[in-house]
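*Asks:* With chain E fixed as given, assemble chain X onto it according to the hints.
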Amino acid sequence: MLDHPAPKGFLSRYVFSLDHKVIGIQYIVGAIVMGLVAAYLALLIRTQLAWSGAIQQPEDYLAIVTMHGTLMVFFVVSPLLSGLGNYLIPLHIGARDMAYPLLNMLSFWIYVLASVIMLASFLMPGGAAAGGWTAYPPLSGSESFLPGSGWGQTLWILGMALFITSFTMGGLNFLTTILNMRTKGMTLFRMPLTVWGFLVATVLALLAFPPLTAAALMLLFDRHGGTSFFMVDAVINDQLIAMGDGTPLLFQHLFWFLGHPEVYVIVLPCICLLFEVLAAFTRRPAFGYRPSIYALLCVGLLSMIVWGHHMFVTGMNPWVGKYFSIATVIITAPFAVIGVNLVASVWRARLRLATPMLFALATISAIGFGGVGGLFLGTMTSDIYFHDTYFVVGHFHLMIGTVTMLSIMAAIYFWFPKMFGKMMSEKLGKLHFWLTAPSMMAVFILMHMQGLGGMVRRTYDTSVYTYNEGANSSLTTPITILAMIAVGAQAIFLWNFFYSAFKGQPSGRNPWEASTLEWEAPSPPPHGNFGDELPIVHRGPYEYSPEGVDQDVLPQAAPDPDVASTDTEIPE
Amino acid sequence: MFRLLTLFLCLSAAALVGCGGSDNASDSDGCGCEAGCGCDDGCGCDDGCGDDDDDGKRAYTAAAGTATIKGVVNWSGKAPRRVAIKMGGDKFCSTAHDDTILSESWSITDNKLQNVFVQVKSGLKGWTFEKPKDKKVLDQTGCMYDPHVLGIQTGQDLTIRNSDPTMHNIHAIVFDTKKNAFNFAQTKQGQENTRSFRRPGRYYVKCDVHGWMSCHIIVTRNPFHDVSAADGSFTLAKLPPGEYEISAWHEKAGTKTQTVKVGAGETKEIVFTFSR
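Protein sequence lines correspond, in order, to chains E and X.
Counting in this note's numbering, the first sequence runs from 3 upward without gaps.
Counting in this note's numbering, the second sequence runs from 65 upward without gaps.
It is worth saying that the hints were derived from the structure and are not from the lab.
Watch out, some of these pointers could steer you wrong.
Calculated lysine-lysine pairs in the DSS-like style (CA-CA distance at most 25 Å, straight line) [as the list claims (entries may be wrong)]:
| hint | chain 1 | residue 1 | chain 2 | residue 2 |
| --- | --- | --- | --- | --- |
| 1 | X | K316 | X | K200 |
| 2 | X | K199 | X | K252 |
| 3 | X | K142 | X | K200 |
| 4 | X | K155 | E | K432 |
| 5 | X | K243 | E | K186 |
| 6 | X | K121 | X | K142 |
| 7 | X | K320 | X | K134 |
| 8 | X | K195 | X | K121 |
| 9 | X | K242 | E | K186 |
Restraint ranges, calculated between C-beta atoms of paired labels, are given here [said to hold, decoys possible]:
| hint | chain 1 | residue 1 | chain 2 | residue 2 | range |
| --- | --- | --- | --- | --- | --- |
| 10 | X | T159 | E | T316 | 39 to 45 Å |
| 11 | X | G206 | E | D552 | 17 to 23 Å |
| 12 | E | L209 | X | K197 | 42 to 48 Å |
| 13 | E | P212 | X | G206 | 54 to 60 Å |
| 14 | E | E515 | X | S186 | 32 to 38 Å |
| 15 | E | T215 | X | S227 | 57 to 63 Å |
| 16 | X | T159 | E | I487 | 52 to 58 Å |
| 17 | E | G510 | X | T159 | 29 to 35 Å |
| 18 | E | L190 | X | R340 | 33 to 39 Å |
| 19 | E | T136 | X | T159 | 50 to 56 Å |
All values derive from a computational prediction rather than experimental measurement.
Positions of the beta carbon are idealized from the N, C-alpha and C atoms, including for glycine.
Only chain E is shown next, with the shape it has when bound in the complex (with noise of 0.2 Å):
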């Protein structure tokens, strides 16, 4: 049993509580909240560019830039994750809880404080952070630079600093679940793919964070204590500033020595997660569950050595750069093993269009599209012409928002039953999907548009920069429509979120008659999970449309419906 208590008051059950379930939720209202000025942040970038010279200065441009990015990689999309792994893993695996409860609490709380420290940025004398979300030096470094490098980029590192401690903390506790809490006959073979994704994720958030960790303070520590690892002289204005003689392109390194690896931690599990959605709502076992499995260890060890194709303009040397050309082409080919498996899943089938399932085929399109745009930039020769134009912003808007959105919402739809033992509504979900998908995508497609033709990204006033004129510029106003449909429309999703959750139809155990073990227990499942006993595991996790049994699936916790004989005979 469970060694902490089931909670009694209000704030040990609904704020500072130890049950994994209400942490991830706790996470995904957090994460709502943190979107929600993400996307505001966003409508105000996309309104600049339309009605250019409108509202902003340009040093409100770049820190409204800097903090969107901030925010919807590091404080809406994962944390978004974490509240789903917190709610999804233990359930998948047949535990009562993660490994370290308070840990759990804890990671969660940080979160919280370095959400609050990230967004006390923009109270600072010259405003937020402006020095992008990769925080460059030495535009970050100096407020000679930036108004916003001022205080407003000091208390974006210490909010950054607690977010990876909090990010490290709860990676801690994902491992030590998975590995050391699965339920019996709950193998590693036999773990639903999402796990699989967390796994994979986890390591590599492990392995990646730190050196950005050391970065942020030795970033800190040339900001207030006099050091230069980083910042060089600089003239500005005619005047020689002095800064030391440090090295900004180590900054550059160990940024995305963590930045790749972090594409890969919140990709992963959204795609995984995919194959339970597209299991159940074709009745069919997920395909190649053994080679995605093998692919994403693959994916996962090879996102740690390309980070440099972030840096083919840096000027490093042209063997360098072949080397991460080579390296990033290679990862292509176990992602696309995975992406082949999520197509043959859906190949041929009959389909259940269900809204998790209509945002799970979006995501499936939304991979393609952004897969084929990483191979131009993956190539140093293409990279060097398409990276400073809005190609990029297209292509890492595509595989790290619209794919990371869209699935994150096939999870939602999907499991928000478990959570709340409520059905959302169904015409508000397609409602939804109809509006979001299709401008989401159409947003990011058409920056590629506007990247092949040249259109140059960072540049806050394109009536007083003429030089992105004719590179598809026409297309900037019609983008930014877009954009706001797809912001507004989360409005639909919202009221169907927190409407459902108390007003909901009852959702019964398992409305959606899927295999996996979360499934098993009570909607929502109770303080420990599954009652007295724990679920034995007796078979993977994909086993639809079996023989030789009434419904169309053999869920992993039910006993053989009729054993086979176990004679093998060998003649003489």
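*Replies:* Only chain X this time, still in chain E's reference frame:
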């Protein structure tokens, strides 16, 4: 570096074509072989002659086989319920049949048990058997395997055909070790591939796309085996005269054996009776 890249891409492409990963390594456990492999080509297949030393053994010819054992497999008691197969997950499969398709694990008509594999278990020591020239066929039609139980001799070619306009993969697993014998996909209607087995034993075959599709292949060193028909009948023909232990195996009901002595030109009839 270029060679390394090429090798990696080729391996990945191979994994993609055949469902990926080690699951597809048809020879991974040395049990499944591409057709056409011979003893000396280094692929590890033998010719079905078994592992015994040939000294002191007689090569079987048709002239030596004048005896016949015939029989029937009965079922005693109430027949187990046959569960309807749900093919709703696939567009083609769900419309391929007008009638309800029942699980083939239990197929009992008028107390006669179908799909029982009957073979000579012992009594053939001293005989050696050539690899048969004729091929066996495992068809995938209407999203079902035909036949459901198939006997084949070591080294004999097995043609695996996809008669359906949908993709199947043929995933054969050695029952004893649970290792993959082979695993490949057939994406096109009419596609045929040939495989053979070098080790006797039971192989479980499934389609990973369509969860209900499964069948059993039993590989023997001798040609004396049959699968009971819908009327429960089976025939082991062209046996050399002798005393044999005959076994009957059913995937759910288990195994029964009995000993039969049969003379030259003689036909003996036997009965197996299964129950729960």
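*Asks:* Output the indices of the hints that this structure fails to meet, ascending.
*Replies:* Checked against the structure, the hints that fail are numbers 3, 6, 10, 12, 14 and 16, while the rest are satisfied.
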